[in-house]
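Undergrad: Going down the list, the protein sequences come from chains A and B.
Residue numbering for the first sequence is 22 to 487, as defined by this note's numbering.
Residue numbering for the second sequence is 22 to 487, as defined by this note's numbering.
It is possible that part of the hints are untrue.
Put simply, identical chains are the same to the list, so a pair is met inside one copy or across any two.
Straight-line distance between alpha carbons at most 27 Å, and here's what the computed BS3-like set of lysine-lysine pairs gives [as the list claims (entries may be wrong)]:
1) 265 / 330
2) 405 / 288
3) 363 / 337
4) 60 / 249
5) 249 / 71
These are computed hints drawn from the structure, not numbers from a lab.
There are 2 protein chains.
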Amino acid sequence: MINKSYLILLILVPLLGISQTEDEKQLKEIYTSSLTEGKSYSWLDYLSNKIGGRLSGSFNAEQAVEYTKNELESLDLDRVWLQPVMVPKWTRGIKEYAYIENAPGNTNAVNVCALGGSIATPEGGLKANVIEVQGLEELKELGEEKIKGKIVFYNRPMQVDVIQTFEAYGGCVDQRYSGAEEAAKYGAVGVIVRSMNLRLDEFPHTGSMSYGDLPVNKRIPAAAISTKGAELLSSLLALNNDLKFYFRQTCKVFPDVKSYNVIGEVKGSTFPNEIITVGGHLDSWDLGDGSHDDGAGCVQSMEVLRLLKQTGYKPKRTIRVVLFMNEENGLRGANKYAEVAKEKGENHIFALESDAGGFTPRGFSFDCDDANFSQITSWKPLFKPYLIHFFEKGGSGADVGPLKGDGTVLAGLRPDSQRYFDHHHAENDTFEHVNKRELELGAATMTSLIYLIDKYGTINTSKIKG
Amino acid sequence: MINKSYLILLILVPLLGISQTEDEKQLKEIYTSSLTEGKSYSWLDYLSNKIGGRLSGSFNAEQAVEYTKNELESLDLDRVWLQPVMVPKWTRGIKEYAYIENAPGNTNAVNVCALGGSIATPEGGLKANVIEVQGLEELKELGEEKIKGKIVFYNRPMQVDVIQTFEAYGGCVDQRYSGAEEAAKYGAVGVIVRSMNLRLDEFPHTGSMSYGDLPVNKRIPAAAISTKGAELLSSLLALNNDLKFYFRQTCKVFPDVKSYNVIGEVKGSTFPNEIITVGGHLDSWDLGDGSHDDGAGCVQSMEVLRLLKQTGYKPKRTIRVVLFMNEENGLRGANKYAEVAKEKGENHIFALESDAGGFTPRGFSFDCDDANFSQITSWKPLFKPYLIHFFEKGGSGADVGPLKGDGTVLAGLRPDSQRYFDHHHAENDTFEHVNKRELELGAATMTSLIYLIDKYGTINTSKIKG
């Protein structure tokens, strides 16, 4: 049996041959324009330094909605609109405080931060003995006898010898997300989770957690501790198993509030009903200013439409930039966008997300069938001058995920990941850690792929109409 | 005619087939060991934070010689030694001072630093009118009439839309290196050169310059100005062509002093006379602590020998780490090493340099013939799990350059280059801008290539003895 994708390539190759030079030229213009007259960096400057952290339901998040809507309107697109969505509202309260008590009067202060979604400690804080575990498995092995009345300290580090850091994150994040829910079942009074950080430093890293269907009166407070704090706590526990840990946090859940996805669109000239989405998430955690996660992805996505326009390209298909609200602690914006798309019977052929930081782009990962993957990888040589080499099957992005189905090709930008978890969800996710060129190269790389997808279509459509 | 490299591949491929798994295993061990028990980062911490900038002839440079010799000795190599070499000694003196004088009493201070090798200004500083040029060509067009008595301001920026930043550097650095010599020929009294920096910031970037064979009494002082300072000066000149520029620097050239290349060696078990060199340069500019340029390359090169040992690999060929002295302003160490090698009739089959920063490694560039390039690129698949994709013909490194000839294969590590010129030769080339993982990945990538070269040899030798 001849592979279907080969047949398609046989049809496409001559086409590609003819327009290779045109494509090379277009990519060159895109990269040059991004690096010489790009707007992504100044947009990010505003989002990060004038607005700051943009947690769902916060005033900053609303400011970010307004700012990006205005900026998209200034690009003279065919349509810019806000898509309403109800989002959770959780607030951190006053700065958390924690210490290790070796003996009464003998304490070491450590840096912690409440995990997103956690309840507060009692007003005067929470102090208890600590049991250190390497994860949810060990928790179960220990059982209620060893855990009841204690603070569970999840200390499994991210695995440093994994090359792609998102894999190391995936190998640890269950402690953060489900640690409190599971520990509560065995009678723990609180949980402290080692920050998802490959470095040893003093920054605690927040992130979402869930109590699952635990009843409200069974819920226990959960905080992240910096990696240096975790090392200290672990080594002191080895010396004194009876030490106590104290932490205090005043976080709170409020009723859901109304917020928005921000959407801008250029109508396709030939296939207006085929929709290509490119986006990032506008909300961020509150500790830093959300520059890498995911201010970068938002401004790069906005830049895609600007660069296509500036280089004089007229899209054949409809291209939408979507700045999703509430990726971090609910994914409500992403679900709303997909829900509305379904209701309207929209034909989403392709969706690309940038949510892995504003670092040097290395390529993309694709969630699609073999035929589409073959077509896309046939474009690899066009990207070589820009050192874009990574084209692999894999995940895409949390926000574009809900669009999956009906042959939609999903993709995620893959920047260099080595520094990402130094900053992720922490106080040091700030503007000065984003390099202008790296951000702009990412925007150009995304724009180049969107251009090629728009021009050649995806396989389902291009065979018939492309 | 059948390409010679094909024939060699025909011989090699079955060999490669057999040991593919062994090579995969060895590379995995190298990377794991570098990321979990690497020493490169703590060595760099010492070099950068305990010693600091290491300009040739300085006390710090001598401390660095001693420190790295001791550390190499602790690795239990077959031999560690110092290779004496006379190096230039230039000192910056007190911090430079400069301002733009729009009118008497109306001044803007700007950040400048003396270029390495420059003479001082007169003791009270130098003040003169300014003529802005885009480079050496424009200088010649303007001629003596327009230049005499003035300060020449070289303001050609690095080209931002060049993807590989070293190319952009290459397109500008003639202003810095030869700017004073050329301007002096037309009667200029001093030169100010825009810093070789792709960002707009306040750091002046030093670097070497030369007066060529200009007589001593014709030499004029040369300084670099920060990119923001350059933009300010240029825009003020556009408003007031008659403004004056003042700068003061007290730098000085002393007679040459004795210094050393630091060398460590493991003797080959099978072909001890075939020498593989891996190195970086131990000297650095004085403004920062020389972490990226080139502390990183030094500790990575030391780590190559340590990782081979730690993973239990016994080299067939002799492997040397060389920490070259005086790359920045003389290349005396590199020339000495090559000179001694020649005197002794040593057979250098391969030399690798790391001198492009401690950023995420992307691959290598090779200065070699087609046959060797074919052999090396046949190893590309082994590097794929580590996201190493860049194998191109091109330059190698300044320090290994003098070994060229007699079929020696030269190579340079190619890390991601986007951030390099943010720090290069400036006050902000400091330890906190080096990421531990990125540094360690670079060391592992170098070690992997050295392992493969050691095992399979280069083409000249492997055909006969490999």
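Undergrad: A separate judgement is required for each hint: does it hold in the structure or not?
TA: Cross-check of the supplied hints:
In the homo-oligomer, the alpha carbons of residue 265 and residue 330 never lie at most 27 Å apart, since the shortest distance is 60 Å inside one protomer and 44 Å across protomers. Taking the shortest alpha-carbon separations for residue 405 and residue 288, neither the intra-copy value of 30 Å nor the inter-copy value of 40 Å comes in at or below 27 Å. When the C-alpha separation of residue 363 and residue 337 is checked against a cutoff of 27 Å, the pair qualifies only within one copy, where the shortest distance is 22 Å, while the shortest distance between copies is 64 Å. In the homo-oligomer, the alpha carbons of residue 60 and residue 249 lie at most 27 Å apart only across protomers (19 Å), although the nearest pairing inside one protomer, at 38 Å, exceeds that limit.
Taking the closest pair of Cα atoms, residue 249 and residue 71 come within 27 Å of each other only across two copies (22 Å); inside a single copy the shortest separation is 31 Å, beyond that limit.
Violation of the numbered hints given earlier is confined to hints 1 and 2; the remaining hints are satisfied by the structure.
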